[in-house]
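Colleague: Here's the letter readout for the chains.
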Amino acid sequence: MFDTLTLASLPAADEALRPAIRALADEAAAQASADIRARSWSGFDPAFSRRLGAAGFLGLTLPKAYGGQERGPFARFVVVEELLSAGAPVAAHWIADRQSAPLILNYGSEAQRDFYIPRICRGELVFCIGMSEPGSGSDLASVRTRAERTATGWRVNGQKIWTTNAMHGDYMIALLRTSGTSEDRHAGLSQLIIDLKAPGVTARPITDLAGDAHFAEVFFDNVDLPADALIGSEGEGWKQVTAELAFERSGPERIYSSVVLLDAWIAHLRAVGRNDSATLALVGDFTARLATLRAMSIACTARLALGESPVTEASLVKDLGTAFEQELPVAIGDDLAAHPGEAVDAELYRTLMFVTHVAPSFSLRGGTREVLRGIIARGMGLR
Amino acid sequence: MSEFLEPFERMLEDIATPAAVRAVEHGGSIEAMWAAFAESGFLDALVPDERGGAGLSLAEVQPLWMALGRHAVPLPVGETMIARALLADASEGPVALAVGGGVAVVVPCGLVAKHLLVESSAGLHLVEAQGEATGVPASLAARFDLGALPAPVASAPEGGLRAVAALLRAALIAGATERLTQMTATYANERVQFGKPIGRQQALQQQMAVMAEEMVAARIASQLGCAGSFPPSLVAAATAKSVASKAAARVAATAHAVHGAIGISEEHDLQLLTRRLHEWRLADGSESYWNSLLGAARLADPGRSVDYVRKAFA
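Here the protein sequences line up with chains A and B, keeping their order. FYI, in the working numbering the residues of the first sequence are 1 to 383. FYI, in the working numbering the residues of the second sequence are 1001 to 1314.
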């Protein structure tokens, strides 16, 4: 069962990228405290993203004809691993590089590819993904925001919410209803690229419980789009979104959300010289699981490299990975507070509490735990 | 499937049927089953070419060990492969593995082993296996009081015998959890309650999805542990055994939860696998044993965690 998820290794040619990306990532993260580095995913630094683009670290999976590096998922794994492990700010290119460009490559027209992908590869475009709506979370097929045909293209009305980076974004790829009603479920959905600077678009940031504003609600009031805003085929939006989510669920990003905290805690243990067996066993447990999850993530990357869309395998790695990411702050908090005689420095404490507060989002973004387990169950032949 | 696994798997399907496993567990003769392994040549899988063995790597043997776990083979086949790799002149019969430390030890398959390969601070010793039954019904494990040992026959492998044995246990666990996950999914699709197969209940689907995750984690951890050299590094053995042991108890629990009362019965094959999972989890160090060693090694390193695991398995 799930036999294709088997040990694979990173090719030497892709490993060779490591020193250069590490130097860039370390430089970007050098001045940041651990609680800022722990915000790697939401760290918004357009200048850094452009530097990555100029150095050839974006568009690694994309063809050279569109400005990509044509290297594949293994190269992307190495680069992402270094960026997240260092805690470098990746938000300004993250979604465009990971999901939007591959989606445009797979389903877009030649004109769309030529227009968007080279700029994404240079780190110049911020994309966001318009999926959730106030009434559509896990039940994505129930989206109500509509795009209607006009003489010149499309007119969009409705609202998206929880849209990461919408307030900084250049474009949104939105899942919209182009025919029928929400009762028609998967039929009648399409994906359109929306210029977020178009008249009628309003993005309002939403502040989260950690004091950050990385997502937004987005309103569309008679937003007129040209005919070529449609990406892929009309009515095929559901199929396209499913393939897009496989990109989102399978990378190393799904195991490394708490590694900055893990490393800060280990630095603390080394500094205070703690070596009782309970502490050692906890460190060992995290280390064994990290090694295994990394190998699972590489195994999943190997399926992507073969041109497959490992939807079930990616769900499996993501669910196990996010459970690990969420257990880290719980166990580390317990450990630190079980040793009141040890001073915990302010930076470690802030990092712990930041990760603790945002950890619930790890198993929400990109598909909830329950949705992923449903996908795995189907892959096991249940239902 | 590898070129070695296919014939091995075929052989196991022939000789290690549930009925044959039960017969050995109830004191039946092991002669025929052991003869099949001896004749197959697989016992010399890890013996180097120059000593007349197959010269397979750990990575090539790992799927064979998993197959032994899938079939709940009631003989120390993997252990004998290891003993033959470590000793130029191992005995003909089944060999079990133990690490001496001045206290009595419980050794899986100890009752059906002819010899015991024991590691002490002086090296490796080969002694006749004369253990006591543990008193656990149907268990083939035996208790050995490793008092006075004869002169060592070889030096201990680098990293210790327990690390090698732990890798074997992890692979056996990975194989058994794979089989249990398959059996459990099949059963859930067949068993009807409340007018539909229980596999359609979301509550059970969620549990079985987690079971599949644990199963894949155990398999990948085992593969990772076996990807390097023989004998393995501490990090390789610890990672494999920690993750597999943790998975063992959880997978066994879910397999039983889904099967309900029938899974508890002797006549159902589930227990052949779940009893072994618990035995293998404890044998050669539980998850906490290996976690402590791994944690100490990790804390000695000043670098990042991702770098640590990457370099350990490079």
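One or more hints might be untrue.
Said to hold, decoys possible - Pairs of lysine to any residue residues, derived as SDA-like cross-links and limited to a Cα-Cα distance of at most 25 Å, are as follows: (1) B/Lys1196 to A/Gly135; (2) B/Lys1311 to A/Gly72; (3) B/Lys1311 to A/Asn157; (4) B/Lys1311 to B/Ser1265; (5) B/Lys1311 to A/Arg18; (6) B/Lys1311 to A/Ser9; (7) A/Lys239 to A/Arg350.
Bear in mind the hints are in silico, worked out from the structure with no lab data behind them.
Colleague: Evaluate each hint against the coordinates.
Modeller: Against the structure, the hints come out as follows:
1. B/Lys1196 to A/Gly135: violated, 31 Å
2. B/Lys1311 to A/Gly72: With Cα atoms ~22 Å apart, B/Lys1311 and A/Gly72 stay inside 25 Å; holds.
3. B/Lys1311 to A/Asn157: Outside the cut-off at roughly 52 Å; violated.
4. B/Lys1311 to B/Ser1265: violated, 46 Å
5. B/Lys1311 to A/Arg18: holds, 13 Å
6. B/Lys1311 to A/Ser9: Distance ~12 Å between B/Lys1311 and A/Ser9 Cα, so the pair holds.
7. A/Lys239 to A/Arg350: violated, 41 Å
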